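J.: One letter stands for each residue in the lines below.
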Amino acid sequence: MGIAYPIAKVKGESADRIYGVKGFPSAALVDASGRVIWSGHPSSVPRGEIEKALEGTAFLPRLEGKAYKKVDKLIVSREYGKAHAEVLKGLQKDSADETLQGAQVSIEALLEKMQGAANAAVEGQDFGVALDTYSQIEKLFKGHEAAKLAKADAKAVEKNPAAKDEIAAWKKMVKADETQFEGDFEKAGKLYAAIAKKYPETKSGERAQAFLSRHHM
Amino acid sequence: MKLLGLALALGAVLSGPRAAKVEVGDLAPEIYGEWYLSDASSLEEVRGRVILLDFWRTW
Numbered sequence: 464m465g466i467a468y469p470i471a472k473v474k475g476e477s478a479d480r481i482y483g484v485k486g487f488p489s490a491a492l493v494d495a496s497g498r499v500i501w502s503g504h505p506s507s508v509p510r511g512e513i514e515k516a517l518e519g520t521a522f523l524p525r526l527e528g529k530a531y532k533k534v535d536k537l538i539v540s541r542e543y544g545k546a547h548a549e550v551l552k553g554l555q556k557d558s559a560d561e562t563l564q565g566a567q568v569s570i571e572a573l574l575e576k577m578q579g580a581a582n583a584a585v586e587g588q589d590f591g592v593a594l595d596t597y598s599q600i601e602k603l604f605k606g607h608e609a610a611k612l613a614k615a616d617a618k619a620v621e622k623n624p625a626a627k628d629e630i631a632a633w634k635k636m637v638k639a640d641e642t643q644f645e646g647d648f649e650k651a652g653k654l655y656a657a658i659a660k661k662y663p664e665t666k667s668g669e670r671a672q673a674f675l676s677r678h679h680m
Numbered sequence: 014m015k016l017l018g019l020a021l022a023l024g025a026v027l028s029g030p031r032a033a034k035v036e037v038g039d040l041a042p043e044i045y046g047e048w049y050l051s052d053a054s055s056l057e058e059v060r061g062r063v064i065l066l067d068f069w070r071t072w
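In the order they appear, the protein sequences are chains V and Y. Counted from 1, the first sequence has number 552 at position 89 by the working numbering; the numbering is strictly sequential. Counted from 1, the second sequence has number 58 at position 45 by the working numbering; the numbering is strictly sequential.
Careful: at least some of the hints might be erroneous.
Claimed, not checked - Taking lysine to aspartate or glutamate and the EDC-like style, the derived pairs with C-alpha atoms no more than 20 Å apart in a straight line are:
no.	chain 1	residue 1	chain 2	residue 2
1	V	Lys-602	V	Glu-542
2	V	Lys-532	V	Glu-549
3	V	Lys-638	Y	Glu-36
4	V	Lys-635	V	Asp-595
5	V	Lys-474	Y	Glu-47
6	V	Lys-545	V	Asp-557
7	V	Lys-536	Y	Glu-58
8	V	Lys-618	V	Glu-608
9	V	Lys-638	Y	Glu-43
10	V	Lys-533	V	Asp-557
11	V	Lys-472	Y	Glu-43
12	Y	Lys-34	V	Asp-647
13	V	Lys-614	V	Asp-595
14	V	Lys-576	V	Asp-628
15	V	Lys-634	V	Asp-595
16	V	Lys-602	Y	Glu-58
17	V	Lys-653	Y	Glu-36
18	V	Lys-485	Y	Glu-57
19	V	Lys-634	Y	Asp-67
20	V	Lys-485	Y	Glu-58
21	V	Lys-474	Y	Asp-67
Note that these hints are calculated values from the structure, not bench results. Model, not experiment: these values are computed from the prediction.
Make the full structure from the sequences, and use the hints.
T.: Structure, rendered in C-alpha cells:
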C-alpha cells in the first residue's frame, strides 16, 4: 500500500479526548520543541506554518554516495561534532569536494544558529531556555570545541546571580511540562499555578501563566 | 525526512464529559498506543521533528 508514515493505534478515548478531536478527519501540527502550533482539518494544514516549523529543527541534510557513508551515518545519529571532524578530514584529502564543502557549511550554520539562539536567550534573560539550548549544543556537537564552550557558557549562566530565580522556575517548569505531556492537565495546571505565583517576574512564570490563561484556569 | 506524518487510528467513542484538552501552544501530549511502521513508539522519541498528527478512527 505504500504507507510511509507511522501509525499509532490507540484504544479507548484517551487520545481524542486529550487532543480535543471532535470529528474525523482531524489533524494537529507539532513543532520541534513538541508544541502544538496548529490544529484543524487536514485539508487546511497551513504550509507556511510547516515551513516555519521545519526551520526550527536541528536536522542536517543527508549525504548521498558511498564515499560519504561514514559522515552520513554520523548525521543520521545526530553526532554533528564527529560528523564535522570527519568532513574536515575528508576536505584535507580533497579540498575541492563540493559535497563535503556543502556539509561543512550546513553543520557550521546549524551550530551558529544554535549558539545565536542560546546567546539571544541569555541577552533576553531567558536563562532556562539558554541552558536548554546549551545542553542541546553539548549533546549534538560532542567532540567539537563548541561543546566545551557551551558547557562553560552554561556554567556561567548557572553562576549568574541574576539567573537564580529564572533557573529555579525553569526547573519546576520542566516538571510541569512533563506532567502535561503525560496528559494530566489538572495536575499540570496546579504546578503551573504554583510557578506563576512564586515566580511571576520570570519567563517561566509568564509561560506558566500563559498555560493557565489558555485553559481558563 | 524532517516532517513526520503520524496517522492515529482511534477506536474510540466520542462521548463523556470533556476534560481539559490541548490548546495551541501546549505540549503535544504523549500518544499511548501500539505504534506501527515506525522505529519510534512514542512522541517523546520523535521530539525534535516536525510532526503532523492525523487523527482517524475505526468504526
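J.: Compare the structure with each hint and give your call.
T.: Outcome of the hint check:
no.: 1; hint: V:Lys-602 to V:Glu-542; in the structure: holds (8 Å)
no.: 2; hint: V:Lys-532 to V:Glu-549; in the structure: holds (11 Å)
no.: 3; hint: V:Lys-638 to Y:Glu-36; in the structure: holds (19 Å)
no.: 4; hint: V:Lys-635 to V:Asp-595; in the structure: holds (14 Å)
no.: 5; hint: V:Lys-474 to Y:Glu-47; in the structure: holds (9 Å)
no.: 6; hint: V:Lys-545 to V:Asp-557; in the structure: holds (18 Å)
no.: 7; hint: V:Lys-536 to Y:Glu-58; in the structure: holds (19 Å)
no.: 8; hint: V:Lys-618 to V:Glu-608; in the structure: holds (16 Å)
no.: 9; hint: V:Lys-638 to Y:Glu-43; in the structure: holds (15 Å)
no.: 10; hint: V:Lys-533 to V:Asp-557; in the structure: holds (16 Å)
no.: 11; hint: V:Lys-472 to Y:Glu-43; in the structure: holds (13 Å)
no.: 12; hint: Y:Lys-34 to V:Asp-647; in the structure: holds (10 Å)
no.: 13; hint: V:Lys-614 to V:Asp-595; in the structure: holds (11 Å)
no.: 14; hint: V:Lys-576 to V:Asp-628; in the structure: violated (27 Å)
no.: 15; hint: V:Lys-634 to V:Asp-595; in the structure: holds (11 Å)
no.: 16; hint: V:Lys-602 to Y:Glu-58; in the structure: holds (16 Å)
no.: 17; hint: V:Lys-653 to Y:Glu-36; in the structure: holds (17 Å)
no.: 18; hint: V:Lys-485 to Y:Glu-57; in the structure: violated (25 Å)
no.: 19; hint: V:Lys-634 to Y:Asp-67; in the structure: violated (32 Å)
no.: 20; hint: V:Lys-485 to Y:Glu-58; in the structure: violated (27 Å)
no.: 21; hint: V:Lys-474 to Y:Asp-67; in the structure: holds (16 Å)
Comparing the model with each earlier hint shows violations of hints 14, 18, 19, 20; every other hint is respected.
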